Amino acid sequence: MKRILVSIKRVVDYNVRIRVKPDGSGVITDGVKMSINPFDEIALEEALRIKEKGLAEEVVAVSIGPADCQQQLRTALAMGADRAIHVQTDAIIEPLTAAQVLKALADREQPMLAILGKQAIDDDCSQTGQMLAALWQRPQATFASKVEVDGDKVRVTREVDAGLETLEVDLPAVITTDLRLNEPRYVKLPDIMKAKKKPLDTVDPATLGVTPVEVVKAVHFEPPAARSKGIMVKDAQELVAALRSKGLV
Amino acid sequence: MAKVLIVAEHDGNKLNPATAKCVACASQIAGAEISIAVFAADPTAVAAQAAALQGVARVHTVTHALHAQPLAATIAPQLAELAAGHSHVFGPSTTFGKDLMPRVAALLSAPQISDVMAAESATRFKRPIYAGNAIITVEVPADRQIVATVRVASYQPVATQATAAPIVAANPAAAVPTHTRFVSVTAARSDRPDLQTAAKVVSGGRALGSAESFQILYSLADKLGAAVGASRAAVDAGYAANDMQVGQTGKIIAPELYLAFGISGAIQHLTGIKDARTIVAINKDAEAPIFEVADIGLVGDLFQIVPEIEKLIAQSN
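Read top to bottom, the protein sequences are chains A and B. Just so you know, the first sequence maps onto residues 1 to 249 in my numbering. Just so you know, the second sequence maps onto residues 1 to 317 in my numbering.
Just so you know, these hints were derived from the structure itself, not from any lab. Be careful, since some hints might not be right.
[Stated by the list, open to error] Lysine-lysine pairs mimicking PhoX-like chemistry, simulated, CA-CA at most 20 angstroms apart:
| id | chain 1 | residue 1 | chain 2 | residue 2 |
| --- | --- | --- | --- | --- |
| 1 | A | Lys2 | A | Lys153 |
| 2 | A | Lys198 | A | Lys2 |
| 3 | B | Lys126 | A | Lys21 |
| 4 | A | Lys217 | A | Lys21 |
| 5 | B | Lys223 | B | Lys311 |
| 6 | A | Lys2 | A | Lys51 |
| 7 | B | Lys126 | A | Lys246 |
| 8 | B | Lys284 | A | Lys234 |
| 9 | A | Lys229 | B | Lys274 |
| 10 | B | Lys126 | A | Lys217 |
| 11 | B | Lys200 | A | Lys246 |
| 12 | B | Lys311 | A | Lys246 |
| 13 | A | Lys246 | B | Lys274 |
| 14 | A | Lys234 | B | Lys311 |
| 15 | A | Lys229 | A | Lys51 |
| 16 | A | Lys21 | A | Lys33 |
| 17 | A | Lys53 | A | Lys2 |
| 18 | A | Lys53 | A | Lys146 |
Note that this is a predicted model, so its numbers are computed, not measured.
Kindly generate the complete structure, drawing on both the sequences and the hints.
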């Protein structure tokens with residue numbers, strides 16, 4: 001079956017302004033709203049569109065983490081994923097571990113594409129998709145702003161520093177999504193009801209042959225250095241004078 | 001002793017300044033021996049520039065026709081092979097490095113530290129998380145090989161050295177995959193300075209209202225010798241090209257002067273500019289969050305103020 005694997009990470013909602021705990025032991029996440037990582041939502045939307053064009057038959061959403069991740073997987077099912085896999089663990093999951101889990105699932109599910117967000121907005125690592133591609137020994141097309149599946153190939157336009165780069169890669173392949181790839185759909189109430197009946201399997205990382213290890217240890221968290229308070233000027237003349245006094249114009 | 005291998009970013013002729021910033025980061029590790037790897041169809045020119053960077057002990061060149069385009073899939077297996085015997089493998093936190101380095105890390109079964117803003121030792125690093133709203137210090141066990149991307153806005157390029165480092169040709173055995181093929185790159189060619197490295201940047205937000213309106217910023221930028229950037233809102237609205245986006249998911253920049261016109265100052269935008277030396281904000285909304293980080297603020301109509309600034313600067317010249 002032509003299948004697309006999409007990874008879904010549960011993260012602090014992008015509207016939450018995160019604060020560092022006073023003792024520097026972490027960031028305050030108690031009681032804050034949690035959501036699907038926005039880039040993962042774009043990944044899922046793209047998978048659904050490929051399926052709706054008749055170029056894929058099944059979209060499988062995967063999340064790795066504690067029991068609460070099932071909320072985000074239910075949302076993914078409501079958006080239109082056909083089934084979900086919850087790799088349940090309370091361990092800290094580093095990107096390499098996540099990639100190992102996804103590689104094991106890729107071996108099992110044999111997808112034509114794995115679509116991931118280009119980065120998670122909590123740790124901002126931007127690693128997992130590329131690591132999956134390496135472990136799976138398949139092509140990667142990161143930071144995608146356009147995806148065109150064509151037979152056993154996919155043509156991907158990527159947002160790179162120089163502009164827009166187009167790659168052609170053989171399937172199966174890994175794609176990571178950038179912001180402008182698409183606008184994810186809104187979930188409608190009937191879809192939420194339907195999603196409750198869709199299959200959601202729970203597996204242990206160990207059954208996939210993966211043992212989460214924490215190699216990169218968090219030592220300390222701190223807020224970013226604050227910028228000193230600036231001045232307000234009343235017009236362009238004062239502004240240019242201020243810039244001139246600093247030798248900037 | 002730390003041995004750091006840095007992958008060079010270049011366009012075939014010119015070494016990208018991001019590489020010299022990676023050297024600056026590696027130089028923070030006491031006693032580190034620093035090498036640079038150049039992958040190219042013809043590495044001669046770029047290798048010479050890399051060999052001249054202060055603190056570089058050796059330059060490895062890998063010549064292959066397929067390295068004419070810097071593709072992660074083709075470079076990664078060879079870079080991973082070259083990485084043997086090195087304690088650290090660094091690349092810039094540009095789209096080139098972000099694409100390549102995790103692929104290398106996975107091939108090496110090594111952890112990656114993304115966006116290093118300070119190397120406090122060979123094993124301890126600082127990096128931003130949550131769009132820069134928190135800075136985390138992380139520690140990796142000393143016996144682990146470490147892959148990292150260097151946050152270029154946190155570093156100044158190293159100077160050049162009097163005696164160039166030796167350049168040696170490497171011949172990695174790892175096969176170059178052909179499953180990934182470069183088709184094209186469309187760059188908005190411009191005579192203006194490169195946004196990522198420009199000393200001055202003029203930037204516009206959604207308040208510009210159209211792509212045509214951006215013209216007033218281009219005009220001012222040309223008077224100032226500045227690059228032009230844009231907020232995500234302006235890029236999403238189609239007023240500016242994607243490679244002009246400044247912010248968490250666009251370019252993270254550290255110019256001497258950043259002039260923000262009609263940019264409200266969303267968190268993700270501020271993440272991209274907070275290393276700028278001087279931030280100037282012009283916005284008609286006095287409550288806009290951009291004023292909280294601005295060194296100089298001016299409340300007013302940008303369509304009136306931009307031409308005034310341009311005129312005043314022209315007079316002084």
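Handout entry: Numbered hints the structure breaks, given as an ascending list
Key = 7 and 15
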